[in-house]
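J.: Now for the letters of each chain:
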Amino acid sequence: MTSARTLDVSDLPPYEISNRAPLWWGQLFMAIIEGCLFCMLLAMYFYARLSVDVWPPPGVPPLKTLMPTLALIPLILSAGGSYIASEGAKKANRRLMLQGLCANIALAAVFLILRFIEWRTFNFSWQSDIHGTFVWSILFLHTFDVIADLLMTAVLIVLLAVGRYGPKQRAGVHVDSVLWYFLVLIWFPLYVAIYWGPHLMRAQ
Amino acid sequence: MSDTATPPYGLTQESAEADRAALARTWANAKGLLGWLSVTTHQAIGRRYIVTAFVFLLLGGIEALMMRIQLAKPENTFLAPARYNQIFTMHGTTMMFLFAVPVMEGMAVYLVPIMVGTRNVAFPRLNNFGYWMYLFGGIFLYVMALTGAAPDAGWFSYVPLAGPQFSTGKGVDTWAQMITFTEISALCVAVEIIVTVLRMRAPGMSLNRLPLYVWSMLIQAFMVVFAMPAVMIASTVMLLNDRTIGTHFVNPWEGGDPLLYQHVFWFFGHPEVYIIFVPALGFISAILEANSRRSIFGYSAVVLSQVATGFIAFGLWVHHMFATGLPQIGEAYFTAASMMIAVTSGVQIFCWLATMWTGRLRMTAAIHFVFGFIFIFVLGGLTGVMLSSVPLDLQSHDTYFVVAHFHYVLIGGALFPLFGAFHHWFSKITGRMIDEALGKLSFWLLFIGFNVTFFPMHILGLNGMTRRIYTYSADLGWGSANLIATAGAFLIALGGIVFIVNALTSMRGPVNAGEDPWDASTLEWAVPSPPPNYNFVYPPVVSSLTPLWTDPALRTVVTGLRTDRREVLVTGVTEAEPQFRYILPGSSIWPFLAAAGIMIGFCGSVFAFSWYFVASVLGGIGFVGWFWPRRPVEVAP
Chain A
1 MTSARTLDVS DLPPYEISNR APLWWGQLFM AIIEGCLFCM LLAMYFYARL
51 SVDVWPPPGV PPLKTLMPTL ALIPLILSAG GSYIASEGAK KANRRLMLQG
101 LCANIALAAV FLILRFIEWR TFNFSWQSDI HGTFVWSILF LHTFDVIADL
151 LMTAVLIVLL AVGRYGPKQR AGVHVDSVLW YFLVLIWFPL YVAIYWGPHL
201 MRAQ
Chain B
205 MSDTATPPYG LTQESAEADR AALARTWANA KGLLGWLSVT THQAIGRRYI
255 VTAFVFLLLG GIEALMMRIQ LAKPENTFLA PARYNQIFTM HGTTMMFLFA
305 VPVMEGMAVY LVPIMVGTRN VAFPRLNNFG YWMYLFGGIF LYVMALTGAA
355 PDAGWFSYVP LAGPQFSTGK GVDTWAQMIT FTEISALCVA VEIIVTVLRM
405 RAPGMSLNRL PLYVWSMLIQ AFMVVFAMPA VMIASTVMLL NDRTIGTHFV
455 NPWEGGDPLL YQHVFWFFGH PEVYIIFVPA LGFISAILEA NSRRSIFGYS
505 AVVLSQVATG FIAFGLWVHH MFATGLPQIG EAYFTAASMM IAVTSGVQIF
555 CWLATMWTGR LRMTAAIHFV FGFIFIFVLG GLTGVMLSSV PLDLQSHDTY
605 FVVAHFHYVL IGGALFPLFG AFHHWFSKIT GRMIDEALGK LSFWLLFIGF
655 NVTFFPMHIL GLNGMTRRIY TYSADLGWGS ANLIATAGAF LIALGGIVFI
705 VNALTSMRGP VNAGEDPWDA STLEWAVPSP PPNYNFVYPP VVSSLTPLWT
755 DPALRTVVTG LRTDRREVLV TGVTEAEPQF RYILPGSSIW PFLAAAGIMI
805 GFCGSVFAFS WYFVASVLGG IGFVGWFWPR RPVEVAP
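Protein sequence lines correspond, in order, to chains A and B.
Counting from 1, position 202 in the first sequence corresponds to residue 202 in the numbering used here; the numbering is continuous, with no gaps.
To get the numbering used here, take the position in the second sequence, counting from 1, and add 204.
There's no promise every hint is true.
To be verified - Coverage of chain A stretches by chain B, computed from C-beta distances (three or more under 8 Å per stretch; other residues unrestricted): (1) 12-24; (2) 38-48; (3) 51-65; (4) 166-179.
Derived from the structure by calculation, the hints contain no laboratory data.
All C-beta atoms in this analysis are idealised placements derived from N, C-alpha and C, irrespective of residue type, glycine included.
Full structure from sequences and hints, please.
T.: Here it is as structure tokens:
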């Protein structure tokens, strides 16, 4: 048998922190899976909406739009924190990563606090009717995901603060931003549907 | 290719041997129970998936035999009516969720990394986590069933029957949460397979050189990603929450809609059938290519047909709901889409026939199963075209005609190819040749038994016998056909016993298979049987669709990957050009602990929603442990 020719790859870098990293691809598909859950909930929401004439059901006032709209401001800004952190991760800049992640977590916390304050004004529960079931399901799932991502961000902040990090953890910072962009972006259609939908569709 | 006996150009025999020894050390699994629970090598996890799935196949098979005994004669009293409901629910649930999908995932976890020329899947710890989620889900279902909480509303748990009003007890809740376990597992594997195939192929293995089996798994993985979330919405969000915390998704009195449950379930449920069937198409291509000793006729046509199948599969779900009174225009659309599947399937069948015709066919046991597939699947496909027409479907809906149809497409379309694959790759996975004569005997028993069991069901269905009845009266005249079907079921059982005996006795024989007993073309036949944990000492570079049939003088291998850590090569998505190296994580107990923590919470969640918080906290602790960096954290080039 003849000897095989060789392709020497020892000159290639041992890792890369970019959108070509396998971890980034894994995170992308995890976001797609989560996105499918939200899209299905949204489709079901409209299915339920279109099968009745009055929405929300009689006795339930349409949701107020002021508070959730105000809450969008810290939410959008928090994505900027994620961006700064992921740029810091690519450049191996610890200060940028820490600043970005802390800004991300602080602004996201403001968003969550505004959301929790708003919830206290709801006069219906998931047991009230189908409208309540959908609104609470969408809000619960999105809030759950947001809190899970923030915990992941907190763990990364601890690792960076104590200096226990290498390229793998920097890649973690980078893909953490992917998940956060997803959670910010997916909120827009959900927000429009549950807060503005009843107003817009009533006007017709 | 990776054989160190002929070291690559420029390397001495000694240095090649040293590389092999270093890789064996680096990729060794830890000993003991802790090591066993922490394994992250894809061969071990793939084997576990396959063995576990076959145990569930056995359980599902026993349940099927119990149903056939009950139906063997009119007004039989072998099973009480309530018990019969539980048995058919457990049979369908086991076969779909605990056998068919996991076994396909397991085969892929084992084969795909080797076939694309890399050393492991992209996310080895996620792989371990996914397996435990699957196993825990299966054990959870059976423990609950045996302690009196067996689900009994059918494998798709239609509401209102499965709703809080009509299904008391914890059976349906258990069913719903078992789905969550197995879907998480399937989604983990799907993401691994997609990233492994798109990012970790051997240099030179551009997408148009991807083996057909890998194509089929790539398509299946994408289907899993888009279909499985729907069933989690149906079972976990709609059904379970309606039952445990009083939401109103399927409660018509508060604006919910039972029909919506059917829509969401079948939006998953129909692609599910193809999630099981598409990998089987890949098996057929691989077995046929090796045994007809030519590359598959019409490679591009087969790939495009499978991609088209993947897309069309998402536009068929309403044909399960023709009897629900949907608008006629919708029904017409879904009839057309359902018939379209016959085109994409037909293209592939003809490509395979052309391959056999123009090749030099070797009649191995695996090829017998391929012929069985073609015969049975084509018959199932014909009844499928019949059922896609609304007037005929309305007449035969929920009758044994449908039961016959889906057993023809599922057993013919997935189980026969799987058994063929088992005989084909047995030598690779165990290092031993399986007994061909016993393999052919088991084929004939299964083939004859299958047709004797399920063919009469067509006639029973047309004569009006409905699904899921626990008995029937003698004057209906269904007795003899049912008795024949029951006799056939025992023939299938006999075939199954021969198959098991063959596998077990062949496994005790000497390691004699060699690298490539079939003279096959794909990369898994370039590594020793069974493959070492690192698969390749020097991963291959690929220059054609059939790398092992390429002139050995033109072969190239990758050198320069470090042997003292688990390093693989990341390559481009379409052309597979080398981009950078990538270090895979080693063994860890944390994926098991995370799965165990989530299991505790999920099991509790059938009793109270608050257990989800237990799952979140315990799972969260598990994930933090999983990601916590071991020193040294820096990477030396």
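J.: Confirm or reject each hint.
T.: Structure-based check of each hint:
With 8 residues having a beta carbon nearer than 8 Å to a beta carbon of chain B, the segment 12-24 of chain A meets the requirement of three or more and the stated coverage holds. For the segment 38-48 of chain A, the proposed coverage by chain B is satisfied: 5 residues have a C-beta within less than 8 Å of a C-beta in that chain, meeting the threshold of three. For the segment 51-65 of chain A, the stated coverage by chain B is satisfied: 3 residues place a CB nearer than 8 Å to a CB of that chain, which reaches the threshold of 3. Look at the segment 166-179 of chain A against chain B: 5 of its residues bring a Cβ nearer than 8 Å to a Cβ of that chain, three or more, so the hint holds.
The structure fails none of the hints (numbered hints given earlier).
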